[in-house]
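Colleague: Those protein sequences? They're chains Z and V, same order as listed. Numbered according to the working numbering, the first sequence spans residues 1 to 435. Numbered according to the working numbering, the second sequence spans residues 1 to 444.
The hints are simulated quantities; they were obtained by calculation from the structure and are not laboratory data. Among the clues, some could well be false.
[Unchecked claim] DEER-style ranges, computed between Cβ atoms:
1) V64/Z - E81/V: 29 to 37 Å
2) A195/V - A68/Z: 33 to 41 Å
3) A68/Z - E355/V: 33 to 41 Å
4) M71/V - D114/Z: 39 to 47 Å
[As the list claims (entries may be wrong)] If the Cβ cut is set under 8 Å, some of the chain V residues that face chain Z in the computed set are:
5) Y43
6) H46
7) G441
No residue lacks a Cβ here, since even glycine has one placed at the ideal position from N, Cα and C.
The primary structure of each chain is shown beneath.
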Amino acid sequence: MADLTSNFLGIKSPNPFWLASAPPTDKEYNVRRAYEAGWGGVVWKTLGEEGPPVVNVNGPRYGVVYGADRRVLGINNIELITDRPLEVNLEEMARVKADYPDHALIASIMVPCDEDSWKRILPRVAETNCDGIELNFGCPHGMSERGMGSAVGQVPEYIEMVARWCKKYYDRPVIVKLTPNITDIRYPARAAKNGGADAVSLINTVSSITSVNLDNFSPEPSIDGKGSHGGYCGPAVKPIALNMVAEIARDPQTRGLPISGIGGVTTWRDAAEFMALGAGNVQVCTAAMTYGFKIVEEMKRGLSAWMDEKGYATLSDFVGKAVPNVTDWQYLNLNYVTKARIDQDACIKCGRCYAACEDTSHQAIWMHEGRVFEVNDAECVACNLCVDVCPVENCITMERMPAGSVDPRTGKTVSDEYANWTTHPNNPMAVKAAE
Amino acid sequence: MTSPFTPGIASGRLDAETLARNFSDLHPAYDPHEAAVAADRCYFCHDAPCITACPTDIDIPLFIRQIASGMPEAAARTILEQNILGGMCARVCPTETLCEEACVREAAEGKPVEIGRLQRYATDSLMARQGHPFTRAPETGRHVAVVGAGPAGLACAHRLAMKGHTVTIYEARPKAGGLNEYGIAAYKSTDDFAAREVDWLLGIGGITIEYGKALGRDITLDGLRGTHDAVFLGIGLGAVNALEAEGADKDGVGDAVDFIAILRQAEDKAALPVGRNVVVIGGGMTAIDAAVQSKLLGAENVTVAYRRGADRMGASQFERDLATSKGVRILTDVVPKAVHGNGAAREIELEYTAEGPDGLKGTGETLRLPADQVLRAIGQVLDPVDGLTLDGRKIAVTGAGRTFLPGVWAGGDCTPGEDLTVVAVAEGRDAAEDIHATLTGMVS
Ligand SMILES: Cc1cc2nc3c(=O)[nH]c(=O)nc-3n(C[C@H](O)[C@H](O)[C@H](O)COP(=O)(O)OP(=O)(O)OC[C@H]3O[C@@H](n4cnc5c(N)ncnc54)[C@H](O)[C@@H]3O)c2cc1C
Ligand SMILES: Cc1cc2nc3c(=O)[nH]c(=O)nc-3n(C[C@H](O)[C@H](O)[C@H](O)COP(=O)(O)O)c2cc1C
Ligand code: SF4
Ligand code: SF4
Ligand code: SF4
């Protein structure tokens with residue numbers, strides 16, 4: 001049996017599945033039940049300053065994007081940080097941590113961007129005996145207008161400054177939670193590292209409008225006929241999150257900086273992918289909000305079975321294993337020549353590959369008499385669109401042309417040598433380099 | 001109080017509640033979520049095989065996508081542009097041998113996209129919420145006679161009216177709809193759908209129906225040709241094949257189509273007499289429908305007796321499975337030899353058959369089944385119309401339903417081709433287009 005125990009920044013948890021700071025972690029009641037249900041850790045719903053707490057809207061705060069059968073693909077929200085008093089949250093955290101010493105408990109914090117505010121709150125958080133803090137620099141709505149959340153997260157200098165304050169006034173791990181609402185995620189990550197943060201976690205939600213009501217022309221969720229941009233999360237944002245995690249994992253300036261992967265984790269497989277790209281653990285919000293706490297059971301069992309199958313005894317055996325394979329486009333092997341192949345026995349003759357290739361790709365699929373579809377190697381550029389749109393798994397595959405054969409599209413002999421754009425004759429830079 | 005075990009032919013074998021349940025919708029309507037899930041299964045195939053398999057060429061992937069995107073009424077328009085009786089076809093088409101058989105998901109997983117039920121969802125939505133969706137072109141001053149208000153005649157009349165022609169339908173019966181009204185199994189067209197659909201269809205305007213007017217009795221083909229610019233015949237198959245068996249004239253022996261017509265028109269199904277032991281002779285849709293409905297009325301034993309093997313039956317596998325699921329026994333490779341009984345039928349004697357080098361032959365071995373009621377369903381045939389060339393036992397046509405008489409078109413069951421509602425609609429529509437082209441001088 002694979003060992004799922006996780007050690008992230010020295011914080012131990014029975015498994016790498018943490019609940020992200022959000023409604024599932026809003027109060028003692030939920031958090032106790034989450035631990036009982038099997039979650040390894042919890043990042044408490046973001047705490048704000050002392051004093052009257054923020055208020056949330058009293059109408060709908062979530063919007064949704066559905067796939068087939070009302071499957072939730074993405075949710076957006078216009079919720080703010082915790083709307084309960086700071087003292088109440090801190091007391092509850094202390095009680096929970098005392099009762100669950102082996103589970104991770106992280107405090108998420110968002111206070112104004114001045115040293116005093118942080119200096120005031122950090123000792124009080126430390127008193128709860130929680131395992132670390134996460135700086136919420138991510139919320140794209142509501143708080144950012146007040147100069148917090150993503151308003152900080154979008155300015156690397158502020159990130160660095162606040163991280164530094166936290167390391168100064170708090171002696172346990174500091175995680176900086178990054179917003180994806182930025183052009184290049186490496187800058188805020190570098191800033192966090194430079195400020196002394198122990199780790200980054202990402203992504204927070206993506207600025208979004210999920211839909212527009214075409215009767216009253218209000219964005220959804222609609223509050224009295226008006227809407228505000230919200231934060232998008234769930235399976236739909238996973239590809240964005242994976243890329244950002246990978247960018248940080250392979251950036252020479254941040255390489256080795258621990259990462260907590262967040263964004264659309266719904267199954268064990270999603271978690272394994274984040275971890276393969278360098279995340280030490282994962283955080284989950286939407287999947288729990290959609291299906292309840294019990295989904296962690298599938299995640300644990302799935303990850304454990306996969307690790308057994310692959311022979312990984314501990315999480316560190318596969319964390320980061322995909323990072324070396326993420327490279328820049330210019331280093332991709334241009335001598336890797338493939339052609340689409342259609343398995344005629346598996347083909348159900350829907351013609352989608354044909355429509356896709358004929359109308360929008362390279363006119364490389366023939367439709368013969370009797371709805372027989374065949375790839376014309378002389379036109380196939382191996383774009384993969386037919387594979388993507390074919391409703392039958394493994395019906396169309398990409399087959400590599402063996403070295404020595406001639407690609408009928410280019411007339412060139414396929415070579416098994418690695419050659420990329422940097423040395424390609426069409427590359428003006430390459431030509432210059434040769435001169 | 002009678003029961004399924006009451007001897008002879010009797011009414012009221014089942015209570016009202018059971019009867020209501022028995023004759024409720026065979027394929028209940030989808031609710032919006034079911035429709036969305038079902039619609040989502042469609043792959044939007046290129047040059048979709050389901051379209052090719054639909055006799056009226058409905059753009060199935062398009063209308064299903066319209067349902068998926070929340071526009072069932074627009075989807076209905078896509079359907080009705082090709083098939084004005086899309087509502088009835090959604091209920092009665094043997095989809096398992098048409099569009100759904102061709103659906104790629106049938107090949108892939110034996111579970112096609114439920115095109116028929118989706119079509120019903122769309123057409124029901126439109127018919128429930130809107131008036132007639134099409135408008136007429138300006139009046140052309142041309143007047144076309146349509147004989148028969150069945151699917152073929154109605155489809156032809158509608159398309160002609162839409163093109164601006166004036167149409168008079170001459171219908172022998174007191175109601176329109178043809179077999180939609182008198183023939184289709186009751187559980188396929190519930191809540192008086194056939195009549196409602198006719199009313200809705202006539203909403204286009206420009207169509208008058210003259211009831212009780214039979215060609216050959218009240219009107220003549222020559223007369224119609226003299227007073228109209230064109231004539232379309234959609235008279236279906238008015239006669240039935242005779243049963244050549246000893247004792248076939250006994251009480252209790254009748255035509256399945258008459259039995260069904262009476263059932264379809266009955267106000268109160270409890271008042272309908274049905275035998276305790278019913279034997280239906282035949283192997284087509286009519287035989288199955290008569291057998292199933294006898295059973296649903298409360299007959300104790302119902303047998304379909306077909307002269308060849310099951311694979312040769314006209315009724316599809318789905319229809320046969322439906323019958324057996326209701327408790328009907330299907331007996332194959334038997335022909336009726338005699339009906340026994342003293343004045344009224346009591347027993348039927350059947351002889352086994354075998355397919356030999358010179359056709360089907362009796363083997364000499366017989367069996368007897370109790371039979372209070374024997375229903376003939378051995379095929380309907382054309383009631384001949386003077387002056388028309390025949391092709392076999394149907395009206396000969398070329399192209400889009402042109403008969404060999406100038407100015408006379410025909411379509412539906414009375415012409416060669418499969419006897420299906422959807423085929424009748426396609427032929428009526430295509431003949432209308434040809435009539436229109438002819439009348440407006442686009443073709444001659
Ligand atoms: C019992 C039964 C069940 C069936 N079930 C199905 C099914 O489930 N699905 C399916 O697709 N098909 C089914 N069919 C076949 C389908 O009903 C026919 O193919 C279709 O109705 C043919 O349409 P039509 O307009 O050609 O003829 P009909 O529907 O027969 O209409 C002909 C019309 O012409 C009128 N008429 C006849 N002679 C004259 C005359 N001399 N003068 C004036 N009017 C006249 C008739 O009264 C009738 O209204 C079934 C048929 C039967 C008998
Ligand atoms: C309703 C809602 C409220 C959230 N509130 C917070 C918050 O208070 N603090 C925070 O750091 N992130 C917050 N998040 C972001 C989540 O912690 C998480 O980063 C994001 O939802 C992506 O993960 P997911 O795809 O698993 O949901 C919130 C998300 C949702 C849906
Ligand atoms: S999820 Fe719960 S709180 Fe939210 S609207 Fe529904 S019932 Fe109310
Ligand atoms: S998309 Fe796939 S199943 Fe469909 S025709 Fe092409 S190869 Fe066959
Ligand atoms: S064949 Fe089936 S999947 Fe393809 S378009 Fe038709 S209904 Fe849709």
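Colleague: What hints, given by number in increasing order, does this structure fail?
Modeller: 3, 4, 7
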